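Peer 1: Chain residues, written in single-letter form:
Number of protein chains: 4
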Amino acid sequence: MNGKLNIGIVGLGRLGSLYANYFANRLPDANLVAVSDVRQEVAKQIAHEYKAKNWYQGYKDLIADEDVEAVVIVTPTKFHTEVAVHAARAGKKIFCEKPLSLSIEGSVEIKDVVEETGAFFQLGFMRRFDSGYLTAKNKADSGEIGNRVQFKSTSRDRERPDLDYLRPENSGGLFVDMGIHDFDLARWLMGEVKSVYATGGVLAYPEMSEIGDVDNAIVNLYFEDGTIGAIDLSRNAIYGYEICSEILGTNGALQIGYHRETPLQVMKANEISHDVVPGFYERFEKAYIDQLQNFVDNVLVNSPPTITADDGLKALLIALAATKSLHENRPVELSEFR
Amino acid sequence: MNGKLNIGIVGLGRLGSLYANYFANRLPDANLVAVSDVRQEVAKQIAHEYKAKNWYQGYKDLIADEDVEAVVIVTPTKFHTEVAVHAARAGKKIFCEKPLSLSIEGSVEIKDVVEETGAFFQLGFMRRFDSGYLTAKNKADSGEIGNRVQFKSTSRDRERPDLDYLRPENSGGLFVDMGIHDFDLARWLMGEVKSVYATGGVLAYPEMSEIGDVDNAIVNLYFEDGTIGAIDLSRNAIYGYEICSEILGTNGALQIGYHRETPLQVMKANEISHDVVPGFYERFEKAYIDQLQNFVDNVLVNSPPTITADDGLKALLIALAATKSLHENRPVELSEFR
Amino acid sequence: MNGKLNIGIVGLGRLGSLYANYFANRLPDANLVAVSDVRQEVAKQIAHEYKAKNWYQGYKDLIADEDVEAVVIVTPTKFHTEVAVHAARAGKKIFCEKPLSLSIEGSVEIKDVVEETGAFFQLGFMRRFDSGYLTAKNKADSGEIGNRVQFKSTSRDRERPDLDYLRPENSGGLFVDMGIHDFDLARWLMGEVKSVYATGGVLAYPEMSEIGDVDNAIVNLYFEDGTIGAIDLSRNAIYGYEICSEILGTNGALQIGYHRETPLQVMKANEISHDVVPGFYERFEKAYIDQLQNFVDNVLVNSPPTITADDGLKALLIALAATKSLHENRPVELSEFR
Amino acid sequence: MNGKLNIGIVGLGRLGSLYANYFANRLPDANLVAVSDVRQEVAKQIAHEYKAKNWYQGYKDLIADEDVEAVVIVTPTKFHTEVAVHAARAGKKIFCEKPLSLSIEGSVEIKDVVEETGAFFQLGFMRRFDSGYLTAKNKADSGEIGNRVQFKSTSRDRERPDLDYLRPENSGGLFVDMGIHDFDLARWLMGEVKSVYATGGVLAYPEMSEIGDVDNAIVNLYFEDGTIGAIDLSRNAIYGYEICSEILGTNGALQIGYHRETPLQVMKANEISHDVVPGFYERFEKAYIDQLQNFVDNVLVNSPPTITADDGLKALLIALAATKSLHENRPVELSEFR
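Residue numbers (our numbering), protein chains in the order written: chain A, 2 to 339; chain B, 2 to 339; chain C, 2 to 339; chain D, 2 to 339.
Chain A on its own, in the form it takes in the complex (with noise of 0.2 Å):
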């Protein structure tokens, strides 16, 4: 390579069309080359729009493209498998987006693959990037809180998204799509998790109930080394996308998190003020350009992933348990899907 690593991105949406402006415009190490969308005109526009030399209506031609060095993988969910599986085989260097894939066997055929071919596979869950949570991470794993003993963390859409985007088809449902987040900083921030249960309901938006999932949730962990943990989440913080977590030891606790955009209180007659956070973006923009920047870095030295298709297998897991134990309303353990 020339310094630079060559980058196409497959599937256009609201992230992928972000993640070629930070290629295009943010990654100095980075070269975005190509991108491809299922809506040609979308492909055209964005390459033009960045400076892609090339666009695609397939995926399976941008692979093919040997200007492309890395495959950056932001489809929707249910085409991760098959669009990886493609891109290790044809030896390309993969980032691939939050979750893995709606299944087990989408997930462990992944794995698999990347095993075999020795492909470099990096997924991303771009919270552990932001500065927040990195640092708490550090301090955490250097003992400045002692021995950690719970983990608490919430997840907050500031309303629903589309329907058509929430179905438990094409997101995995609320713990598939939103929870997998916190539950990988669980796993990342505390260990293992060995049994979930989960209580949730349609409790905002009625229309839930139609497309079969639940937009308020809660899920007790309980860690493989006996610690415990809280995750709720919901989608109708109508107040600000709020994303918290907590770690308490027992020689302190650390809080990651943020309520304030703009750095001003308004004071007026009984009431002090300030604004909310309004989105993902303005929250992890950084956290999403230093996660690339990491993905970059770490296929031009050779490194190893910093997230790998096991951690995306392992938190998919804990998802899938949280589903069950809200069908079946009672403690699942991991153990069961193995």
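Treat the hints with care, since some could be wrong.
No copy is singled out in the list; a pair is fine if it fits within one copy or between any two copies.
[Unchecked claim] Computed list of lysine-lysine pairs in DSS-like fashion (alpha-carbon distance at most 25 Å, straight line):
| no. | residue 1 | residue 2 |
| --- | --- | --- |
| 1 | Lys-61 | Lys-5 |
| 2 | Lys-269 | Lys-138 |
| 3 | Lys-325 | Lys-112 |
| 4 | Lys-140 | Lys-269 |
| 5 | Lys-5 | Lys-54 |
| 6 | Lys-61 | Lys-79 |
| 7 | Lys-52 | Lys-5 |
| 8 | Lys-325 | Lys-79 |
| 9 | Lys-325 | Lys-195 |
| 10 | Lys-5 | Lys-45 |
| 11 | Lys-315 | Lys-195 |
If you are wondering where the hints come from, they were derived from the structure by calculation, not from laboratory data. These figures come from a predicted structure and were not determined experimentally.
Chains B, C and D: place on chain A using the hints.
Peer 2: Okay, now just chains B, C and D, sitting in the frame of chain A:
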């Protein structure tokens, strides 16, 4: 009555002595006329310090004291029932500290005697009188956050209380002793609980195993109306006494609690810091006084009790269900206890 | 003395009534034995309410009362001197509310009589007893922020007090009435002031012009040791009663103050808010009580006064220099007043 | 133009290099085509790093470069005038970093040439583009806080910059170098200043005496409409780079600024802490980029400059008046400089 309520306090431990002080010095509509404690010397000394006319070793003597109009029960929980029943039969007004009793039987006995005798009986759950919780309750009830969908609550001691106090036969265990506050808040702020699931462990103080209790736990709540909740408890928040709660609704959220005692920020190289909330006394002093004032007011103006024996029983049922869930590792319906 | 200090209060306005309550109900080492006020009915009613044995219309009668050991002066400032001098000559212990006097002459007269008679005289500046200010003082004195270099302080009323109260002949004007607190803090936390420069204006309440005072002002301080400070005052902070201060040192800073009364955050669409600090009573209740307790303690154990007449004189000199600076638009040396 | 603005940067110090990066990688509507610096090697290296076609040692060569449409001046302040005048006469679009000049003459010369030639000239005051300041400006202008009555602003470096940089002949001294930002904010947020009074001293870094400047100062502002302000400056806020401001109105207040960089609270025994804002780059990165974007946009769509040479002159006049006031210990009218 002469416009003031004549008070006799039974039990002069940490909280009982505090109440003696409050009745003597902070509650102008009350007279502290008698105190009792099995430790004769303590009763005598507290009577002297707060100018109570009479002091007794036995609670029956205090109840028999004709000057005593109202009996305030602050004994260890296991004695609540016998004192309360005796006082009710003697026609006294009663304030009883939480929890109502360690057992369903003891709770029901109080409830029955209160109904039978028509005695005035008010239970203590001081958090309901804290300005943060009170304002949150009013805002939630007035519809300011739309329909309630989730409840979260955290109670953390700064360090483990005395082991002897903690023994389940004395304290009732983590859920009955500490969680009971959060269970009462859950009922008060959200509605009746249908089932619970609890996890927990001995994670900070190995000696807790000897007495048969856990030091950290998380309880998942499922309310009768389908809404959900999570309560986390810890004995080892060395960074201060943390009590915080949250109600999430379809139109906003209410977050109750604070972390700083002294209004001072200390700005040092690389770090900005403040102090912590030392303990229950500093956090809830005003709530304790307001609660006793409310009891006195209710008696003096013939209002019904703000918190009843039935409230005590219902909170206890949740605590017992959580305890059972922890032992049997399954969700437990409150109806199992009927 | 019988272990308790017998108190007589002169002046039963807003603060005098509050002090009556504190002495009667919150200060176990004091007895409220007498009160006086030119409004006979008020004196009678307060005496009744707080069980003071005697009440008087004239302060001389109260001072003549042999039961009265300590005289607490809470009259309008313009009467401080005559009451204090009379009480000192009668051999009473004296607590006098700030400011010491409206004039240098009145201040010096008190100071001289106190020296001549050896009377115990303590001045009230309750902020020195606030936990935030107290801790800041201790930290600064212990060297935690290195050498002090700047002092900043803000005092803001929520709205203009009664015009009659505000008249300079009654209140002394903005600097003597309100700024005096910050000037005392400046001396206490930093050291003696050498010169001041003040700007100000009638910016919120046009009617202030009629009484010859400003409603907003900023005072620049130059301390004798070369360090500097700025104090800003306002009558129109409708968002609450704001009192905050800061000491900047070579090794850190201390920021004192807070903005929220109730421990509750209200999260709504696009806005997160909390309530405000209503007024001086809520902000400084504990400081007021601690200050009176300190006065009682000092008398009972024969300690010197915590804040002296000389402190009152020196703070007044800064206020008068600021007033002069405002009128003459030039920096004014405190030495001009000697 | 081809839709993009071709940029040449003169001066590649700390900020000049940063701007090169921004124009190359963050501003899609600009092309970085040339850079110049008296240090030939630096020019060459930056040109290489950010793919600028040309590099020069002399600014005249850069201005003569026909590819350069817009000249961005980031030289030491003392060279602003000659570069700006040269660029204006050459018909280039100009962005010039603050302060405009160290002298009134230098400022007027730029202003005159800009008027004479009709050149596009925009001055840099990045704080106006910070989301906190921008939102405050909009809210204040829309009447949300009623009539403005007071302005406060604080600028604090974490530690003293390089002595050589600080020499008044290079930096202009504390008021011209650092206070100029606050003076510009004062004008922008409140209106024109009529007179100032300043105090200050060498309080943290004794070596400041040698170069003839102070390290701490406070400036009192009197605005033409009678409103007032205070600005405090320090070179020794070791707890971080602090920039905060406040507008107090008759109907509320706006407080701008923040103290924490990483979204993490660390809860330890007796202390809860967070990190600090490291420096101007972290605090204002987005504002710097938005400001350059605004410059590019204004040029491309033929809008007038957002901040003019006249703004630069007027802010400088306040800084010079403050300097004079500090030396002469008297309030100084800005009209003295006309």
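Peer 1: Now, for every hint given, state plainly whether the structure supports it.
Peer 2: Results for each hint:
no.: 1; hint: Lys-61 to Lys-5; result: within (23 Å within a copy, 35 Å between copies)
no.: 2; hint: Lys-269 to Lys-138; result: between (39 Å within a copy, 16 Å between copies)
no.: 3; hint: Lys-325 to Lys-112; result: within (23 Å within a copy, 41 Å between copies)
no.: 4; hint: Lys-140 to Lys-269; result: between (39 Å within a copy, 12 Å between copies)
no.: 5; hint: Lys-5 to Lys-54; result: both (15 Å within a copy, 20 Å between copies)
no.: 6; hint: Lys-61 to Lys-79; result: within (16 Å within a copy, 59 Å between copies)
no.: 7; hint: Lys-52 to Lys-5; result: both (16 Å within a copy, 14 Å between copies)
no.: 8; hint: Lys-325 to Lys-79; result: within (20 Å within a copy, 41 Å between copies)
no.: 9; hint: Lys-325 to Lys-195; result: both (14 Å within a copy, 20 Å between copies)
no.: 10; hint: Lys-5 to Lys-45; result: both (23 Å within a copy, 21 Å between copies)
no.: 11; hint: Lys-315 to Lys-195; result: within (11 Å within a copy, 32 Å between copies)
Violation of the numbered hints given earlier is absent; every hint is satisfied by the structure.
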